[in-house]
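A.B. asks: Those sequence lines, one after another, are chains A and B. The first sequence maps to residues 88 to 408 in my numbering. The second sequence maps to residues 88 to 408 in my numbering.
Quick caveat, the hints were computed from the structure, so don't treat them as lab data. Mixed in with the good hints, there may be bad ones.
Which copy? The list can't say, so a pair holds if one copy fits it or any two copies do.
Claimed, not checked - No farther apart than 25 Å at their CA atoms in a straight line, the calculated lysine to aspartate or glutamate pairs in the DMTMM-like style are these:
#	residue 1	residue 2
1	Lys106	Glu123
2	Lys393	Glu123
3	Lys235	Glu182
4	Lys104	Glu123
5	Lys257	Glu194
6	Lys360	Glu263
7	Lys393	Asp337
8	Lys104	Glu179
9	Lys278	Glu289
10	Lys373	Glu335
11	Lys106	Glu259
There are 2 protein chains.
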Amino acid sequence: MKEFELIKHYFSEQIVKRKDVVKGIGDDCAVIAPIENQNIVVTTDTLVAGVHFPLTTCPRAIGHKAVAVNLSDIAAMGAKPSWISLALTLPEVDEAWLAEFCAGVFELCEFYNVELIGGDTTQGPLSITITAQGLTPVNSYLSRSGAKTGDWIYVTGELGDAALALQQIKGEVSIEEHFVESIQTKLDFPKPKVLAGQVIREYASSAIDISDGLIADLGHICQASNVGANIVLDALPLSNALRESLLEDDAIALALAGGDDYELLFTVSEDNKVGMETALSNSGTKITCIGQLNASQTISTTLNNKPVPINSVGFEHFSQS
Amino acid sequence: MKEFELIKHYFSEQIVKRKDVVKGIGDDCAVIAPIENQNIVVTTDTLVAGVHFPLTTCPRAIGHKAVAVNLSDIAAMGAKPSWISLALTLPEVDEAWLAEFCAGVFELCEFYNVELIGGDTTQGPLSITITAQGLTPVNSYLSRSGAKTGDWIYVTGELGDAALALQQIKGEVSIEEHFVESIQTKLDFPKPKVLAGQVIREYASSAIDISDGLIADLGHICQASNVGANIVLDALPLSNALRESLLEDDAIALALAGGDDYELLFTVSEDNKVGMETALSNSGTKITCIGQLNASQTISTTLNNKPVPINSVGFEHFSQS
Chain A
88 MKEFELIKHY
98 FSEQIVKRKD
108 VVKGIGDDCA
118 VIAPIENQNI
128 VVTTDTLVAG
138 VHFPLTTCPR
148 AIGHKAVAVN
158 LSDIAAMGAK
168 PSWISLALTL
178 PEVDEAWLAE
188 FCAGVFELCE
198 FYNVELIGGD
208 TTQGPLSITI
218 TAQGLTPVNS
228 YLSRSGAKTG
238 DWIYVTGELG
248 DAALALQQIK
258 GEVSIEEHFV
268 ESIQTKLDFP
278 KPKVLAGQVI
288 REYASSAIDI
298 SDGLIADLGH
308 ICQASNVGAN
318 IVLDALPLSN
328 ALRESLLEDD
338 AIALALAGGD
348 DYELLFTVSE
358 DNKVGMETAL
368 SNSGTKITCI
378 GQLNASQTIS
388 TTLNNKPVPI
398 NSVGFEHFSQ
408 S
Chain B
88 MKEFELIKHY
98 FSEQIVKRKD
108 VVKGIGDDCA
118 VIAPIENQNI
128 VVTTDTLVAG
138 VHFPLTTCPR
148 AIGHKAVAVN
158 LSDIAAMGAK
168 PSWISLALTL
178 PEVDEAWLAE
188 FCAGVFELCE
198 FYNVELIGGD
208 TTQGPLSITI
218 TAQGLTPVNS
228 YLSRSGAKTG
238 DWIYVTGELG
248 DAALALQQIK
258 GEVSIEEHFV
268 ESIQTKLDFP
278 KPKVLAGQVI
288 REYASSAIDI
298 SDGLIADLGH
308 ICQASNVGAN
318 IVLDALPLSN
328 ALRESLLEDD
338 AIALALAGGD
348 DYELLFTVSE
358 DNKVGMETAL
368 SNSGTKITCI
378 GQLNASQTIS
388 TTLNNKPVPI
398 NSVGFEHFSQ
408 S
């Protein structure tokens with residue numbers, strides 16, 4: 088296990104040193120001094136090689152994505168990320184791989200001032216589990232359960248590109264050369280909407296990050312909040328890459344159910360709509376209103392003002408990809 | 088992935104509900120309300136099937152051990168465990184397996200009033216990563232770095248039994264029938280020394296839990312504290328099972344380097360010795376003084392008052408088992 092001892096040196100080379108970390112990496116536990124009047128949010132996400140990312144994914148992207156998917160959950164609570172613990176299971180110690188992996192982990196940590204406070208390195212099939220924590224003022228956080236009938240449904244960014252990139256890797260679709268890099272970046276280096284999450288905390292009635300796909304994650308909000316929803320398919324924010332690579336129906340299906348977007352899906356009451364839009368406009372985050380909640384307990388979709396049935400079998404297929 | 092949704096129901100059936108958990112399992116993050124004047128300790132440990140436990144291990148033991156090894160780290164800081172996050176990677180969903188695994192997780196959580204606040208369930212080779220957190224009064228925690236020359240070295244419990252059980256499973260040693268169950272229990276259901284850790288917090292100069300083996304873990308303390316140590320081999324607490332199953336040299340080697348003991352190793356100054364022994368005697372924890380720290384920067388051992396060289400190759404072998 089001597090080689091695995093060496094790994095520790097890679098992880099001790101981080102730049103971020105937070106004042107609230109009394110003791111970081113290197114003892115049985117890290118020691119944190121929480122700030123008064125703040126709640127702590129905690130989330131854990133695992134990426135398994137070949138399941139959550141293609142085996143061909145570069146190590147920097149794997150490191151980035153492992154952090155990003157966790158910070159995306161923190162963003163969905165409207166919290167500010169603060170510390171991560173990293174459990175890395177590796178088949179073997181490859182120093183070049185590790186250096187790139189750590190670069191991917193640390194560049195996102197540095198951007199958001201998140202300190203790696205500990206973890207574990209073990210031998211086994213490649214898998215990464217990160218527990219990320221964040222801070223939010225006491226009792227001020229977003230959840231899935233606060234949405235109300237009549238609230239407007241918003242998403243940040245554009246949907247479906249990561250799923251399109253995955254289809255391209257599998258050879259299921261042909262993409263024009265000049266789109267390949269941008270969609271590949273969406274899949275490999277998702278940008279968690281951390282700042283947007285904190286801005287909407289004051290305005291949104293509910294929020295979730297889109298990891299399973301828009302329909303599935305909106306379903307989580309509807310279930311937790313006991314509401315239904317209608318999505319206006321014409322309004323879905325699709326990238327040029329998606330519009331030009333697929334037929335309209337297929338593009339919409341990916342945006343609805345492709346997953347791996349790591350955009351925020353949130354709901355806002357009529358009263359908070361203008362305040363939220365104004366606050367977010369200063370942050371440079373693109374948002375799109377894609378529908379409205381209702382009392383139906385189901386999710387419906389309309390296209391050109393006409394109801395369109397959701398092909399649930401198709402979504403099930405996508406949600407497993 | 089529908090089956091994996093079902094798993095959530097198993098984990099939502101816990102009994103422990105802590106007041107400081109504002110929001111538990113079921114949203115993007117858990118929300119914790121930390122107590123004033125407390126530090127939070129955080130640790131992460133992964134168990135990989137076939138590496139950290141034999142493939143034949145029963146699911147209840149796997150669940151127990153995954154929690155126990157983490158609580159053992161919390162104990163080594165002198166802290167009180169409070170919350171865990173569980174990342175479970177499973178090759179397939181087997182409801183009977185899951186029920187037993189959860190029973191193993193929850194019985195230890197219930198005993199220590201630890202709430203499962205979230206996690207992730209993914210498909211892949213069997214592996215469990217737990218991030219455990221605990222509470223300790225501000226700036227009152229044990230670390231590896233406070234030991235001083237002249238301090239006495241103590242361990243809780245008995246050493247080497249878990250390693251003996253592993254040798255028996257591998258068919259490397261023959262154990263008398265009436266010892267088999269007790270040593271198997273030591274391997275499968277280690278008892279983290281959580282209460283002892285909190286008691287010694289007021290007295291010990293350093294502490295660590297013995298997971299890698301006594302020599303290796305004492306080495307961590309010596310390195311962090313910039314001291315050396317002598318271990319009196321005659322004093323090592325060996326079980327009857329270990330004494331009667333192996334030759335003296337082999338028994339001592341397992342106690343020194345077998346690992347997987349999850350006992351506490353700690354150091355106490357001459358001044359605090361009596362206070363610590365008195366305080367711990369009320370807790371029912373067996374402790375043994377096994378040597379003393381010195382200024383040598385190395386670890387030496389004596390038997391019958393004579394120096395005995397440490398066979399470092401042998402220990403290296405054991406530490407990889």
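A.B. asks: Against the structure, test the hints numbered earlier, and report the numbers of the ones violated in rising order.
C.D. replies: 2, 3, 5, 6, 8 and 11
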